[in-house]
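Chains as they are written, first to last, in this note's numbering: chain A, 1 to 191; chain B, 1 to 214.
A hint or two may mislead.
What the hints assert, rightly or not - Derived EDC-like pairs (lysine to aspartate or glutamate); straight-line CA-CA distance at most 20 Å:
| id | chain 1 | residue 1 | chain 2 | residue 2 |
| --- | --- | --- | --- | --- |
| 1 | B | LYS175 | A | GLU7 |
| 2 | A | LYS164 | A | ASP154 |
| 3 | A | LYS165 | A | ASP187 |
| 4 | A | LYS153 | B | GLU30 |
| 5 | B | LYS132 | B | GLU174 |
| 6 | A | LYS153 | A | GLU140 |
Said to hold, decoys possible - Just so you have them, the derived chain A footprint on chain B, three or more residues with Cβ under 8 Å:
| id | stretch |
| --- | --- |
| 7 | 2 to 12 |
| 8 | 15 to 28 |
| 9 | 39 to 48 |
| 10 | 64 to 70 |
| 11 | 85 to 96 |
Said to hold, decoys possible - Selected chain B positions facing chain A (in silico; Cβ < 8 Å):
| id | residue |
| --- | --- |
| 12 | PHE115 |
| 13 | ARG189 |
| 14 | ALA192 |
Calculated from the structure, these hints are not laboratory results.
We put the CB at the ideal spot given by N, CA and C, even for glycine.
This is what each chain is made of:
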Amino acid sequence: MTIFTPEATLGPFYPGVFALEQMPHDLSRVTPILAHRPQGRPIRVSGRFLDALGMPVPSLIVEFWQANAHGRYRHPLDQSGRPLDPQFDGFARVRTDDDGAYTFATIMPGARGARAPHLRLTIFASGIDRLVTQIFFDEEPLNETDPVLCAVKDPDVRRRLVAKKTGDAEFTLDIVMRGHNETPFFDDWAR
Amino acid sequence: MTNRVLPVVHNDRESEARTPSQPLLILPSEARDAFDPMPVLPPVSPREADLTRIAPGRPRASGDAIVVTGRILDEDRRPVRRSVLEIWNANTRGRYSHIRDLANPAPLDPNFYGFGRATTDDDGVYRIRTIKPGPYIARTDIGWWRPPHVHFSLLGGGVRLVTQMYFPNEPLNEKDYIHMTVPADERSRTIASAVQPDVFQFDLVVRGRFQNFV
Ligand SMILES: [Fe+2]
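With the rest of the complex left out, here is chain B (with noise of 0.2 Å):
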């Protein structure tokens, strides 16, 4: 078995600053044979799955409305239940929320926060309203535009995951060196599908349930 050795994001400064420089060291089998963590969560409110009013009775914020929905399988194609999903995107002209989003000209939008949760459902099934989100630049001095896409986060169940979704047909998924690092071969898997012009199918396989160490 040969060490995993993290890839790193070609022009992305955090990146090259971060990542490990040494192969992940392969755990003891004495070690291996236990459980990811299986945290008891607080409740989520169903409400918080809509992301499009920030509360009921608000405005709806701008751009189109979207559903996101799937299921979330595990490596045996068992549903991944109660599993608890955050979600966050950029609003429709490409701005985050966050504080930190400063250098962004694109304007906030007062009806869109961008975050919301949701829990799968006995069949492994989540369902999410959001904003389809706009692209924006991640690096002026090199033109390095991010393509729309939202971002996931797994917790519960048995497994962790975090991970972005993009759009199908967006011609800057393939100059995206984020998307980029993912192996050619996989990268249908980070894609969503368009069953209705409104609606976005993303499924995920999650690897790792129950095999991580103690």
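Isolated chain A (complex conformation) (with noise of 0.2 Å):
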């Protein structure tokens, strides 16, 4: 039997130049003053992240990956045959700020078969190890029936999952680590 190296916290000391200067974190645009563009429409999804006690969580690191706007990932195993875009990758790395606060620019994910236009979030902060959930959007169609939705059986539950439009390109969601309100969290190990 394999035995795997455990995880661990990233602690309170975690560089913020590998978060702020070293990975791209604007997936809605190539770069400033470009006139190539990623394909499809550009979102902006903004909320923060709060602990047991209601209390920001600064200086946390979520990672983005999602498909792009045909719902292809940029993977050696996507074989769905969608085209991909050159102009996007699909991964971004941002950071909160004091407030625990987050916004991430991209484009709307593509649906890709019964699953909903969706991100995929890895989570990690001082006190916690990897934490992995996924965000779909309001008003999609493809919620109703998307497996990753329809696994969370209580729907109060399963709209901690949602993101709220709060504008024509604008959706918010925060995220609860523990307690009251407590968003799901998924074990990405389990086989």
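Reconstruct the complex from the two isolated chains, following the hints.
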């Protein structure tokens, strides 16, 4: 049997330079003043990360991974035949500010078979090991049948994974790590 | 299959406030058969793997210069190639260069920032040079000292892992609440071996490669 390397917390002193300078953080454009753009509808998703006491969680790292506007992942195992977008890779790293707030500018991910448009989140912070969850979008018809959303039986809990539409291209969702209104998290190791 | 409940680290207020209380949800099988993030990562300069000098030609940081090297394998014992390793550690006196490490009275070292990056090669091997970190006090009120350790974050090549590497024969290892959260029979997996006095080998085996959900 293989013994895996145990995970651990990022701790309080994760170098900001890794989060702020060396990884993509805005997927809605390629680079300033370049006419090339990713295909699809630009959106912004924002909100706050909160702890059991309702306090903001600053300096939290959240990594997003998503399909492009056609529902295609830039991954060698994606054999769906959907088109790649040369201007879209689908990975971003965002850090919360002192108020625990995050903002992620991207394009609306495409639907993919039974899967509703969604963002995959991997979350790191001082005090926790890696957490994973997914964010869905208000008013998407496929939300009703999406297998991950449907795996959350309680409709009140399910709503905690659906970002609210607050403008033409604006969505908002708070992530509660523990306690009242706790966000559901998933186990991506379970087989 | 029982749903995992994540452990809370004793005496760690952030862990108590931030660790989900509910069992993790099992993903439905139709959403489980796909892949981990495989980001296109910005290139890493080989110079970033040497933490002992903040720039070429600058004085070496104080303390004991060490090499940390090892091999990263997946659960099928295949090398994890072209994965980006981010590493960070305190200086020889136990102080981080992080702006938030305020309570720590230990001095900054002007020649040590304490973070760097490396990429794994075709055999999954990485190699970094750093300064052996000192221990530091995490909570003065209960006298909790963190043993010397190096933080690792691994991204790309189909894996995602954040962990901490400890040093062998450090008495503080067994008193550290974070280290003690690791089950006893897995603890040796987080302790490097000294292959030479100044060379530490730390191999990693990562779970979940290509087994993540869509
Ligand atoms: Fe640390």
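So, going through the hints one by one against the coordinates:
This hinted pair checks out: LYS175/B and GLU7/A have alpha carbons roughly 18 Å apart, not beyond 20 Å. For the hint pairing LYS164/A with ASP154/A, the CA-to-CA distance comes to about 18 Å; that is within 20 Å, so the pair holds. A hinted pair counts as satisfied when its Cα atoms are at most 20 Å apart, and LYS165/A with ASP187/A does not qualify at roughly 28 Å. For the proposed pair LYS153/A and GLU30/B, the alpha carbon gap of about 16 Å is at most 20 Å, so the pair holds.
Distance hint between LYS132/B and GLU174/B is fulfilled; the C-alpha atoms sit about 19 Å from each other, no more than 20 Å. A distance of roughly 18 Å separates the Cα atoms of LYS153/A and GLU140/A; the hinted pair therefore holds under the 20 Å criterion. A stretch counts as covered by a chain when three or more of its residues have a beta carbon under 8 Å from one of that chain; for the stretch 2 to 12 of chain B and chain A the count is 5, and the coverage holds. Closer than 8 Å: that is the beta-carbon criterion, and the stretch 15 to 28 of chain B has 13 residues meeting it against chain A, so the requirement of 3 holds.
Remark: the stretch 39 to 48 of chain B is confirmed as covered by chain A, as 4 of its residues place a Cβ nearer than 8 Å to a Cβ of that chain, reaching the required three. Only residues whose C-beta sits within less than 8 Å of a C-beta in chain A count toward coverage, and the stretch 64 to 70 of chain B has 0 of them, not enough to reach three; the restraint is violated. Interface restraint, the stretch 85 to 96 of chain B with chain A: holds (4 residues with C-beta to C-beta distance below 8 Å; minimum three). For PHE115/B, the shortest C-beta to C-beta distance to chain A is roughly 4 Å, which falls under 8 Å, so the interface hint holds.
With 8 Å as the threshold, the beta carbon of ARG189/B comes within range of chain A, its nearest partner Cβ sitting at about 5 Å, so the hint holds. With 8 Å as the threshold, the beta carbon of ALA192/B stays out of range of chain A, its nearest partner Cβ sitting at about 12 Å, so the hint is violated.
Violated hints for the displayed structure, listed by number in ascending order: 3, 10 and 14.
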